[in-house]
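Chemist: Using the sequences provided together with the hints, build the complete structure.
Numbering (the numbering used here), first residue to last: 1 to 272.
Watch out, some of these pointers could steer you wrong.
Label pairs and their in silico Cβ distance ranges [stated by the list, open to error]:
(1) K168 - K94: 27 to 33 Å
(2) L52 - D109: 28 to 34 Å
(3) Q223 - I203: 18 to 24 Å
(4) R221 - F88: 16 to 22 Å
(5) K179 - V70: 34 to 40 Å
(6) Q223 - T101: 34 to 40 Å
(7) I203 - N108: 28 to 34 Å
(8) K176 - L67: 17 to 23 Å
(9) S173 - N76: 18 to 24 Å
Taking lysine-lysine pairs in the DSBU-like style, the calculated list, with each CA pair at most 35 Å apart, reads [said to hold, decoys possible]:
(10) K134 - K225
(11) K171 - K207
(12) K94 - K207
(13) K134 - K207
(14) K179 - K153
(15) K153 - K207
(16) K94 - K176
(17) K30 - K154
(18) K94 - K153
(19) K113 - K134
(20) K154 - K41
It is worth saying that the hints were derived from the structure and are not from the lab. Beta carbons are placed, not taken as given, at the ideal position from N, Cα and C, and that holds for glycine.
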Amino acid sequence: MTESNAQFFNGRLPSCSYSDEDFTDEKNTKLLFARGFLICKNSDVGITPHFLPRYLGGGFYLYTHSLCRVEYGNCNGTNVIILGLAVFATRSSKNENIARTLAEIFANDGEEKFLDTLDCLGGSYVVILQSEEKMYIYPDAATLRSIFYAPNKKVIASHVNLANVVVKGEKSSFYKYLKETNQEVLTYYVDDSTDIDGIFRLIPNFKLSLDDFSTQRFYPRKQRKILDFESKLGGGGATFSSQTRTLPSISYSIRKFKITRRKYCLWINRRA
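Modeler: Here it is as C-alpha cells:
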C-alpha cells in the first residue's frame, strides 16, 4: 500500500486489500481491523496499539479500535453501549445520546418497549445491553455491522480473523476442499458458518447471550407459523425434482461437509 493510499479522507477509510501484507509496516497498522471490536475474557490481547481495552463486566473485556464510534448510556443499573453509527429512522436524533435513550427505555418500560425502539433504529451498529448481570448483543437490522462469535472460547468480534486472534482455530474442511481444488469463491457463508472451525456468524434478527453464548430470535416477536416440508418447498419442489432427474446424465461429484453445529452442505461439482 502506498503512502497516498493509506491516507484518510473525511473520516472514511480507503478501499484496501484483504491481504495481510498491506498492514505489516508501522504506518499502516491503523488500517488493520479498522473500526473493529473484540470482546473476550483476556485482559491482554496483542492486536495493535490502536485497540483500547475497558472492563465490560462478567469477566469480559471490550477492545475497540480508535476509529470505532462508541456511545455509552446508563439508567438505574441498565447499561447500553453502541458500537458504530445508529440513528432513529422515524425522527431526528441529532446530538441525542441514543445509548442513554435505550437504557432509559429498558429500565423504565421493559424489554418489549426496548425492542420496539430497536425496530426504529437505522445504521450500522452493535448494541450491548447489560442489566441485572445479564449481557446481550443485538445487531442492526441487516447485520451490516458484522458480529462473529466463538462459544468455546467466549469471544465476540467484528471480524472473523480478529476473533481468530484469540481462538486460533483452523480452516474448515469446506474451505480446505475449495483450496485443494483451486476453486475461487468470494464467500460461502451458509447460515451461521464461517471459514474457521469454532467461529460462527450472528445472523440478522437474533441476539447473542454472553452468559451461555446461545442465540435467540428477537424479530419478528409474534409466534411463527410452522409449515410442513412440502409447504416450505412451494413451487420450488418441481424445479428441484427436475434437477435431480437431470443429474444422472451429467458427470458430477458430491461432497458432504459439516458447516455448522447442526447443518451439513452438499457440494455438487460438475466434471468437465
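Chemist: Each hint needs a verdict: does it hold in this structure or not?
Modeler: How the hints compare with the structure:
no.	hint	result
1	K168 - K94: 27 to 33 Å	violated (43 Å)
2	L52 - D109: 28 to 34 Å	holds (33 Å)
3	Q223 - I203: 18 to 24 Å	holds (20 Å)
4	R221 - F88: 16 to 22 Å	holds (20 Å)
5	K179 - V70: 34 to 40 Å	holds (37 Å)
6	Q223 - T101: 34 to 40 Å	violated (29 Å)
7	I203 - N108: 28 to 34 Å	holds (30 Å)
8	K176 - L67: 17 to 23 Å	violated (34 Å)
9	S173 - N76: 18 to 24 Å	violated (49 Å)
10	K134 - K225	holds (30 Å)
11	K171 - K207	holds (26 Å)
12	K94 - K207	holds (27 Å)
13	K134 - K207	holds (13 Å)
14	K179 - K153	holds (27 Å)
15	K153 - K207	holds (18 Å)
16	K94 - K176	violated (48 Å)
17	K30 - K154	holds (26 Å)
18	K94 - K153	violated (38 Å)
19	K113 - K134	holds (18 Å)
20	K154 - K41	holds (7 Å)
Checked against the numbered hints given earlier, the structure breaks hints 1, 6, 8, 9, 16, 18 and satisfies all the rest.
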